[in-house]
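Student: Here the protein sequences line up with chains C and Z, keeping their order. Read in order, the letters of the first sequence are residues 6 to 123 in my numbering. Read in order, the letters of the second sequence are residues 6 to 123 in my numbering.
These are calculated hints, taken from the structure and not from any lab test. Everything hinted at is true.
If chains are identical, the list can't say which one is meant, so a pair holds when it fits in one copy or spans any two.
Straight-line Cα separation of at most 16 Å, EDC-like style, residue types lysine to aspartate or glutamate; simulated pairs:
#: 1; residue 1: K21; residue 2: E76
#: 2; residue 1: K9; residue 2: E81
#: 3; residue 1: K21; residue 2: D78
Number of protein chains: 2
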Amino acid sequence: MPKKIVINDSELPIMKAIWEKDGRTSTELLSNVTGNKSTLKTLLGRLVERGAVRVEEINQRTYRYFAVVSEDDYIEGQRKTFLNKVFNGSTEKMLLNFVKEENISADALRRLVDLIEG
Amino acid sequence: MPKKIVINDSELPIMKAIWEKDGRTSTELLSNVTGNKSTLKTLLGRLVERGAVRVEEINQRTYRYFAVVSEDDYIEGQRKTFLNKVFNGSTEKMLLNFVKEENISADALRRLVDLIEG
DNA sequence: AACATTAGTTTACTACAGTAATCTTTGGTT
DNA sequence: AACCAAAGATTACTGTAGTAAACTAATGTT
Numbered sequence: 006m007p008k009k010i011v012i013n014d015s016e017l018p019i020m021k022a023i024w025e026k027d028g029r030t031s032t033e034l035l036s037n038v039t040g041n042k043s044t045l046k047t048l049l050g051r052l053v054e055r056g057a058v059r060v061e062e063i064n065q066r067t068y069r070y071f072a073v074v075s076e077d078d079y080i081e082g083q084r085k086t087f088l089n090k091v092f093n094g095s096t097e098k099m100l101l102n103f104v105k106e107e108n109i110s111a112d113a114l115r116r117l118v119d120l121i122e123g
Numbered sequence: 006m007p008k009k010i011v012i013n014d015s016e017l018p019i020m021k022a023i024w025e026k027d028g029r030t031s032t033e034l035l036s037n038v039t040g041n042k043s044t045l046k047t048l049l050g051r052l053v054e055r056g057a058v059r060v061e062e063i064n065q066r067t068y069r070y071f072a073v074v075s076e077d078d079y080i081e082g083q084r085k086t087f088l089n090k091v092f093n094g095s096t097e098k099m100l101l102n103f104v105k106e107e108n109i110s111a112d113a114l115r116r117l118v119d120l121i122e123g
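Whole structure, please, built from the sequences with the hints as guidance.
Tutor: Pasting the structure below:
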């Protein structure tokens, strides 16, 4: 199995910017993320190192950055981790908790039902 | 605001054991958790240090452990973090994703609707 | 051409999670 | 009383996240 590529919290804003628009140069990219530029550059470098992001060299001073790990991959990983860790893998328990604590309306649920049933 | 008490992943099994039954001695407690005893003892100590767990001394060699951070507190923290981090705080997006990816049935949702509407 | 600006690389430091061995008591056993 | 087993405390080591300064190279500006 290809070992799971981790994206940690400080790297996430950078990934989000890449997901938002693939193939930007680092300048474009990082101008869309807040924080110390040097730090951001380090984080971007680590993402590349670990294979979450792919670089394409345009010329000696311009690189374009592309997501290797997709947002869906990321969400899936987070969802599964969360579900297992907090609700022992039970979607039922999870749903119940969200509905109760996040005040999800009956209407919102009905809309979901409609969506499923087409 | 009372600063948030973090419970990290390796500590979680210990907390779960405490939530399951409050007030056990460390021996009872840790026998319900797998892993190297020395490690577990360290983790339990850190939980006490950080105030997630409270100790009551019975006598010089026996202590009982009680949860200060409740399971609900923990779940709430995790839920909020997850929601913000992965779905930018949108319960709608989150629900949609779970329903799609975790194959939640229309029936399960209807049961939730009933529950809400009483 | 000299220089400042800026992109990208290297180095670095702290905090903390994860893991566990060792040391120190102290209560139980022979 | 002597000793052992076990509880708990102390110490410790590695890896990685988070943060950022310093260095280097290349480019555009005057």
